[in-house]
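All chains, full assembly: derive it from the sequences and hints.
Protein sequences appear in the order of chains Z and P. Numbers given in our numbering equal positions in the first sequence, counted from 1, plus 11. Numbers given in our numbering equal positions in the second sequence, counted from 1, plus 4.
Source of the hints: derived by calculation from the structure; they are not laboratory data. On a predicted model such as this, the values are computed, not experimentally measured, just so you know. Even for Gly, the Cβ is constructed at its ideal location relative to N, Cα and C. One or more hints might be untrue.
[As the list claims (entries may be wrong)] Beta-carbon label-pair distances, calculated as ranges:
1) P:GLY62 - Z:SER50: 40 to 46 Å
2) P:GLU105 - Z:ALA28: 46 to 52 Å
3) P:GLU105 - Z:HIS21: 24 to 30 Å
4) Z:ILE20 - P:THR115: 38 to 44 Å
5) P:ASN63 - Z:ILE20: 21 to 27 Å
6) Z:ALA40 - P:SER69: 29 to 35 Å
7) Z:ILE20 - P:GLU86: 36 to 42 Å
8) Z:LYS72 - P:GLY32: 22 to 28 Å
9) Z:SER63 - P:GLU57: 25 to 31 Å
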Amino acid sequence: AQSVTQPDIHITVSEGASLELRCNYSYGATPYLFWYVQSPGQGLQLLLKYFSGDTLVQGIKGFEAEFKRSQSSFNLRKPSVHWSDAAEYFCAVGAQGTDKLIFGTGTRLQVFP
Amino acid sequence: EAGVTQSPTHLIKTRGQQVTLRCSPISGHTSVYWYQQALGLGLQFLLWYDEGEERNRGNFPPRFSGRQFPNYSSELNVNALELEDSALYLCASSWGTVTGELFFGEGSRLTVL
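Structure, rendered in structure tokens:
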């Protein structure tokens with residue numbers, strides 16, 4: 012069965028610092044991978060997605076993620092965090108043909124000025 | 005273009021009552037998904053509807069049910085409410101058979117007392 016693990020429940024960084032949020036997945040075939048962001052009181056917004064091809068994926072708001080098959084990982088990165096990036100981030104894996112996304116439990120990002 | 009809309013945004017019920025949550029997908033989307041986001045548990049997949057049919061169901065008891073109407077809007081019904089049903093219920097829509105991006109509404113927050 013597919014699963015997603017986000018090992019960090021809560022991360023705190025200073026504004027301007029770099030960021031890496033970890034995501035590990037379990038899936039038998041090539042997965043479809045996603046990162047979503049949820050700001051307080053709002054729904055989820057897609058940051059980026061990986062289906063195939065280039066393993067380094069660029070997303071919105073300056074985020075990127077790298078698919079590493081050997082490590083079953085899809086970590087999210089940003090070189091310089093802004094205060095507005097404070098939110099909860101969810102990694103998700105898709106199952107081909109089912110349209111069902113399996114979400115991780117999320118990482119809450121706090122940004123200090 | 006209007007996004008995914010959900011109603012009501014907040015509601016309070018007591019144990020044993022029944023609740024109906026509503027979702028209107030983005031125009032042109034034929035698939036609707038329901039997720040439960042309970043505190044500390046991440047997003048749990050509830051139901052997937054496409055073209056009026058239930059296509060997939062998560063690991064929830066039968067008192068969680070729903071339907072999709074000819075205009076692709078959807079309802080989620082929860083009978084015999086229990087305290088642990090307190091959560092944010094998120095609806096998402098997509099273009100049917102394309103595995104990929106889900107567009108989320110802002111959710112309906114249900115509190116069961």
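For the hint 36 to 42 Å, verify it against the beta carbon of ILE20 (chain Z) and that of GLU86 (chain P). Violated, since ILE20 (chain Z) and GLU86 (chain P) (Cβ atoms, about 26 Å apart) do not stay within the stated range.
For the hint 46 to 52 Å, verify it against the beta carbon of GLU105 (chain P) and that of ALA28 (chain Z). Given range 46 to 52 Å: violated, Cβ gap about 29 Å.
CB-CB spacing for GLY32 (chain P) and LYS72 (chain Z) relative to the 22 to 28 Å hint: Because 25 Å falls inside the window, the suggested range holds.
Please test the hint of 25 to 31 Å on the beta carbon pair from SER63 (chain Z) and GLU57 (chain P). At 29 Å between Cβs, range holds.
40 to 46 Å was suggested as the range; check whether the CB atoms of GLY62 (chain P) and SER50 (chain Z) agree with it. The hint (40 to 46 Å, Cβ to Cβ) is violated, given that GLY62 (chain P) and SER50 (chain Z) are roughly 25 Å apart.
Within 29 to 35 Å or not, the Cβ separation of ALA40 (chain Z) and SER69 (chain P)? holds, 31 Å
Consistency of beta-carbon spacing, ILE20 (chain Z) to ASN63 (chain P), with hint 21 to 27 Å: Holds, since ASN63 (chain P) and ILE20 (chain Z) (Cβ atoms, about 23 Å apart) stay within the stated range.
GLU105 (chain P) and HIS21 (chain Z), beta-carbon distance inside 24 to 30 Å? holds, 27 Å
Has the hinted range 38 to 44 Å been met by the Cβ atoms of ILE20 (chain Z) and THR115 (chain P)? violated, 23 Å
In this structure, the hints that do not hold are numbers 1, 2, 4, 7, in rising order.
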